[in-house]
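There are 2 protein chains.
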Amino acid sequence: MVNISWISISYRVTGIKYYMVPDLDQFSVTDCHYYLLSRATLVITSALKKGFTDAGVEKVKPGYLGVLVSLWQKDGLKTVELARMAGLEPSSMTGLLDRMERDGLIYRSSDPHDRRAQHIVLTDFGKEIKKPVLEVLDKTLKSVFQDIEESEINIIKKVLNKVLNNAKRGSN
Amino acid sequence: MVNISWISISYRVTGIKYYMVPDLDQFSVTDCHYYLLSRATLVITSALKKGFTDAGVEKVKPGYLGVLVSLWQKDGLKTVELARMAGLEPSSMTGLLDRMERDGLIYRSSDPHDRRAQHIVLTDFGKEIKKPVLEVLDKTLKSVFQDIEESEINIIKKVLNKVLNNAKRGSN
DNA sequence: ACAATATAATACTTATACGTAATATATGTA
DNA sequence: TACATATATTACGTATAAGTATTATATTGT
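Heads up: the sequence lines are chains B and H, in that order. Under my numbering, the first residue of the first sequence carries the number 1, and numbering increases by one thereafter. Under my numbering, the first residue of the second sequence carries the number 173, and numbering increases by one thereafter.
To be clear, the hints were calculated from the coordinates, so they are not data collected in a lab. Treat each hint with caution, since some may be false.
[Said to hold, decoys possible] In silico BS3-like links for lysine-lysine, alpha-carbon gap of 30 Å or less:
#: 1; chain 1: H; residue 1: K334; chain 2: H; residue 2: K233
#: 2; chain 1: H; residue 1: K329; chain 2: B; residue 2: K139
#: 3; chain 1: H; residue 1: K340; chain 2: H; residue 2: K250
#: 4; chain 1: H; residue 1: K330; chain 2: H; residue 2: K340
#: 5; chain 1: B; residue 1: K157; chain 2: H; residue 2: K314
#: 6; chain 1: H; residue 1: K330; chain 2: B; residue 2: K61
#: 7; chain 1: B; residue 1: K61; chain 2: H; residue 2: K314
#: 8; chain 1: B; residue 1: K157; chain 2: H; residue 2: K340
[Said to hold, decoys possible] Listed next, with one range per pair, are the computed distances between beta-carbon atoms:
#: 9; chain 1: B; residue 1: Q146; chain 2: H; residue 2: T202; range: 18 to 24 Å
#: 10; chain 1: H; residue 1: E300; chain 2: B; residue 2: G56; range: 50 to 56 Å
#: 11; chain 1: B; residue 1: R115; chain 2: H; residue 2: T295; range: 49 to 55 Å
#: 12; chain 1: B; residue 1: V80; chain 2: H; residue 2: S282; range: 26 to 32 Å
#: 13; chain 1: H; residue 1: T202; chain 2: B; residue 2: D75; range: 32 to 38 Å
#: 14; chain 1: B; residue 1: S110; chain 2: H; residue 2: K222; range: 50 to 56 Å
#: 15; chain 1: H; residue 1: A289; chain 2: B; residue 2: S110; range: 55 to 61 Å
#: 16; chain 1: H; residue 1: D247; chain 2: B; residue 2: S109; range: 38 to 44 Å
#: 17; chain 1: B; residue 1: D147; chain 2: H; residue 2: D296; range: 32 to 38 Å
#: 18; chain 1: B; residue 1: P90; chain 2: H; residue 2: E273; range: 32 to 38 Å
#: 19; chain 1: B; residue 1: K168; chain 2: H; residue 2: P304; range: 21 to 27 Å
Just so you know, even glycine gets a beta-carbon here, dropped at the ideal spot from N, CA and C.
Working from the sequences, and respecting the hints, build out all of it.
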């Protein structure tokens, strides 16, 4: 794409001093882990969004996927449970559920035993769209990851899991 | 983390029919490419943000990095040029530059030869923070990608570049 | 020269996710 | 029982990025 990079010289220059600020002029974005990760996430999100629209389920946004799949497995989960399952903060989950409620996919139902808690329940519409949504998901990911070997996919998964663990440890 | 996954069964089940909707109950998030990519991006972003704050350059947000590094290489680029270099839409770049201007990192300067264009220029402050910002970047990425082999990093880069190309072709 | 088209930047709306704080309710302990 | 603490959810502000439409200029073709 272009000629700049704002990342991770350390992996490409051996013997560099830890805090040495490297000369940037010789790097390209396609060498930058952070750039590549964020762009890949964005293009997949964008492809999913287009896929849902083309399939006539434009009410479904990519961000809803985690919640939908969780609820298709077990309806009536609580907000915190959904947040934990999707890897989001509870406060993020609230806004997500607001949008999903607005779009007619779920509703909130009070817990008679714990008046703090709300159970998140799929509407009929939320149940009906399961098949087309999963089809779009499968098709989109097949398209985006086409011509990539299974062994490489496995390395990606392994490395990204390690990244998540490194970050988790770093934040403690 | 948890027991759900909303992704990409296709790579793990051989011989699956293209549009077959798979049974979800047996998958885990840590097997999901889309999940892993988006989480990894978010944890790195979060680590960078914390790094900037700890280093006393809390005016710098992770999203500013692409623009800053571009301008440190060549000051006075135009909005569209910066957008293209960072891989963003020009409309996204406008908002980003608004925040950077508000935070005292850049200012806009009209082009006398093309009255449509604005040149984006670093303030003194925007120039001064180069060293600490690059230090935080280097340190953070070293930390997040620690214990990951160079060969694996290279595979990640290769695969993600292919993903970006696949998505680009798919959108035409 | 003028009309059609292209380019640069922006405004506005929406989606996504974090962090902090507030509120209500439960639970555990002295 | 009363108080401290923990839990569930939400409210509000901010960062990030896309998409659509608009405005102002430039450029090109006739």
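Going through the hints against the structure:
{"no.": "1", "hint": "H:K334 <-> H:K233", "verdict": "holds, 28 Å"}
{"no.": "2", "hint": "H:K329 <-> B:K139", "verdict": "holds, 23 Å"}
{"no.": "3", "hint": "H:K340 <-> H:K250", "verdict": "holds, 24 Å"}
{"no.": "4", "hint": "H:K330 <-> H:K340", "verdict": "holds, 15 Å"}
{"no.": "5", "hint": "B:K157 <-> H:K314", "verdict": "holds, 19 Å"}
{"no.": "6", "hint": "H:K330 <-> B:K61", "verdict": "holds, 28 Å"}
{"no.": "7", "hint": "B:K61 <-> H:K314", "verdict": "violated, 34 Å"}
{"no.": "8", "hint": "B:K157 <-> H:K340", "verdict": "holds, 23 Å"}
{"no.": "9", "hint": "B:Q146 <-> H:T202: 18 to 24 Å", "verdict": "holds, 23 Å"}
{"no.": "10", "hint": "H:E300 <-> B:G56: 50 to 56 Å", "verdict": "holds, 53 Å"}
{"no.": "11", "hint": "B:R115 <-> H:T295: 49 to 55 Å", "verdict": "holds, 53 Å"}
{"no.": "12", "hint": "B:V80 <-> H:S282: 26 to 32 Å", "verdict": "violated, 52 Å"}
{"no.": "13", "hint": "H:T202 <-> B:D75: 32 to 38 Å", "verdict": "violated, 24 Å"}
{"no.": "14", "hint": "B:S110 <-> H:K222: 50 to 56 Å", "verdict": "violated, 37 Å"}
{"no.": "15", "hint": "H:A289 <-> B:S110: 55 to 61 Å", "verdict": "holds, 57 Å"}
{"no.": "16", "hint": "H:D247 <-> B:S109: 38 to 44 Å", "verdict": "violated, 57 Å"}
{"no.": "17", "hint": "B:D147 <-> H:D296: 32 to 38 Å", "verdict": "violated, 48 Å"}
{"no.": "18", "hint": "B:P90 <-> H:E273: 32 to 38 Å", "verdict": "holds, 34 Å"}
{"no.": "19", "hint": "B:K168 <-> H:P304: 21 to 27 Å", "verdict": "holds, 25 Å"}
Hint compliance for this structure: hints 7, 12, 13, 14, 16, 17 are not met, and every other hint is.
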